[in-house]
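Peer 1: Sequence:
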Amino acid sequence: MEQNLLEEQSADYQVYAVSGSHEEIGRQTALQGRFPINGPVVLTPEQREYAHKCRDLVEEIYPEIIEECRGYAAALDLTEDQWLWHLTLGVQGGCSAIALLTPEGMLVGRNYDYYYFENRRHLIQTRPEKGYSHIGMHEGLIGGRFDGLNEHGLFVSFNGAGQHPDPAQPGMSFHLIVRYLLETCRSAEEALERLLKLPVKEPKSYFLADSGTAYVAEVHRDHRAVRTLEDGLLVVTNHFIHPEMRSYQPEWPNSSRRYRKLCEQGAEILRTSEQRLSSLQALLSDHDAPVCGHHDGLATFWSCTANLNQGQILYSLGAPCRNPYQSPTERMTI
Numbered sequence: 001m002e003q004n005l006l007e008e009q010s011a012d013y014q015v016y017a018v019s020g021s022h023e024e025i026g027r028q029t030a031l032q033g034r035f036p037i038n039g040p041v042v043l044t045p046e047q048r049e050y051a052h053k054c055r056d057l058v059e060e061i062y063p064e065i066i067e068e069c070r071g072y073a074a075a076l077d078l079t080e081d082q083w084l085w086h087l088t089l090g091v092q093g094g095c096s097a098i099a100l101l102t103p104e105g106m107l108v109g110r111n112y113d114y115y116y117f118e119n120r121r122h123l124i125q126t127r128p129e130k131g132y133s134h135i136g137m138h139e140g141l142i143g144g145r146f147d148g149l150n151e152h153g154l155f156v157s158f159n160g161a162g163q164h165p166d167p168a169q170p171g172m173s174f175h176l177i178v179r180y181l182l183e184t185c186r187s188a189e190e191a192l193e194r195l196l197k198l199p200v201k202e203p204k205s206y207f208l209a210d211s212g213t214a215y216v217a218e219v220h221r222d223h224r225a226v227r228t229l230e231d232g233l234l235v236v237t238n239h240f241i242h243p244e245m246r247s248y249q250p251e252w253p254n255s256s257r258r259y260r261k262l263c264e265q266g267a268e269i270l271r272t273s274e275q276r277l278s279s280l281q282a283l284l285s286d287h288d289a290p291v292c293g294h295h296d297g298l299a300t301f302w303s304c305t306a307n308l309n310q311g312q313i314l315y316s317l318g319a320p321c322r323n324p325y326q327s328p329t330e331r332m333t334i
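Letter by letter, the sequence shown follows residues 1 to 334 of UniProt numbering.
Note that these hints are calculated values from the structure, not bench results. A couple of the hints might just be wrong.
[Stated by the list, open to error] Listed next, with one range per pair, are the computed distances between beta-carbon atoms:
#1 Gln310 to Pro45: 48 to 56 Å
#2 Thr329 to Ala282: 18 to 26 Å
#3 Asp231 to Glu2: 21 to 29 Å
#4 Glu59 to Glu268: 16 to 24 Å
#5 Glu2 to Thr272: 41 to 49 Å
#6 Arg271 to Phe117: 17 to 25 Å
#7 Gln310 to Gln47: 44 to 52 Å
#8 Gln312 to Arg271: 34 to 42 Å
Note that the Cβ used here is the ideal one computed from N, Cα and C, for glycine as well.
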């Protein structure tokens, strides 16, 4: 617990806004971060060939993000190998998310859990010339967002679910998928339709919600399936739940405990008539499962809650058990 607090206190938490063309956004983000996150200075020939295939595929689908990568690289004088590496990564982590369809609106909550070495944790309000504005978290992978809410009330996040295949098929990385859906989709249904057609590199769950509905897309390169609200509740942690997907990422103890806790307490929140948002925030601070983690690899770096009918999102920058939920615009720097 003490190490977790020290890591949190030394982490690079920032809140700011970027705007303009994607090239300009790339430059602004690079200068705000000041240096790239660690990666190989030189790729092997095999790594470079794979990176080029990923770049070409992403550029065909989402050319603006490649423009942003090049703007980022130019601002920090990165070599092509240094920025291409950001398109090839795969990660396996924690994370939890929940949707509650209440009389007050669609409430969502999400905790992001990972390893201490991931030190960059930037909450960015992005206003692109092309695409929808959004607020979301960036942890250093160029162009990436790990969760966020866009101007149309669409919330998108990802959850880790299985190892990055080796060798992996070329595809779009998870951090770019979240960003792409936030910038191009007006609703959870539209985001789901786009997501199910995207070429993916690795198994992940994607959580999509708007004021009317919510989905979890359990995605593997060989198969995909979708879960939706049951009795007003939808939960995702780090194992696949859909019967068609369980063999691709089976249960493991921590993920199962968090899933059960969120399901049980989420149903209880739905049965109550008052203080549902604060009850959701308390649930995301749980240490029994734990939903709020304090051990390397499952340490909670940030949390967010939102009422999607009101278009309002609140972030706790740090573990939610000891950091308040605040509106990003109250802390925004330009």
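Peer 1: A separate judgement is required for each hint: does it hold in the structure or not?
Peer 2: Okay, the hints, checked on the actual structure:
The given range of 48 to 56 Å is respected by glutamine 310 and proline 45, whose C-beta atoms sit roughly 52 Å from each other. In this structure, threonine 329 and alanine 282 meet the distance hint of 18 to 26 Å, their C-beta atoms being roughly 24 Å apart. For the hinted restraint 21 to 29 Å between aspartate 231 and glutamate 2, the CB-CB distance of approximately 41 Å leaves it violated. Under the hint 16 to 24 Å, the C-beta atoms of glutamate 59 and glutamate 268, about 47 Å apart, miss the expected range.
Distance hint for glutamate 2 and threonine 272: a CB-CB separation of about 35 Å, inconsistent with the stated range 41 to 49 Å. At about 41 Å, the CB distance of arginine 271 to phenylalanine 117 disagrees with the hint of 17 to 25 Å. At roughly 45 Å, the beta-carbon separation of glutamine 310 and glutamine 47 lies within the given 44 to 52 Å, and the hint holds. Between glutamine 312 and arginine 271 the beta carbons are some 24 Å apart, a value that contradicts the proposed interval 34 to 42 Å.
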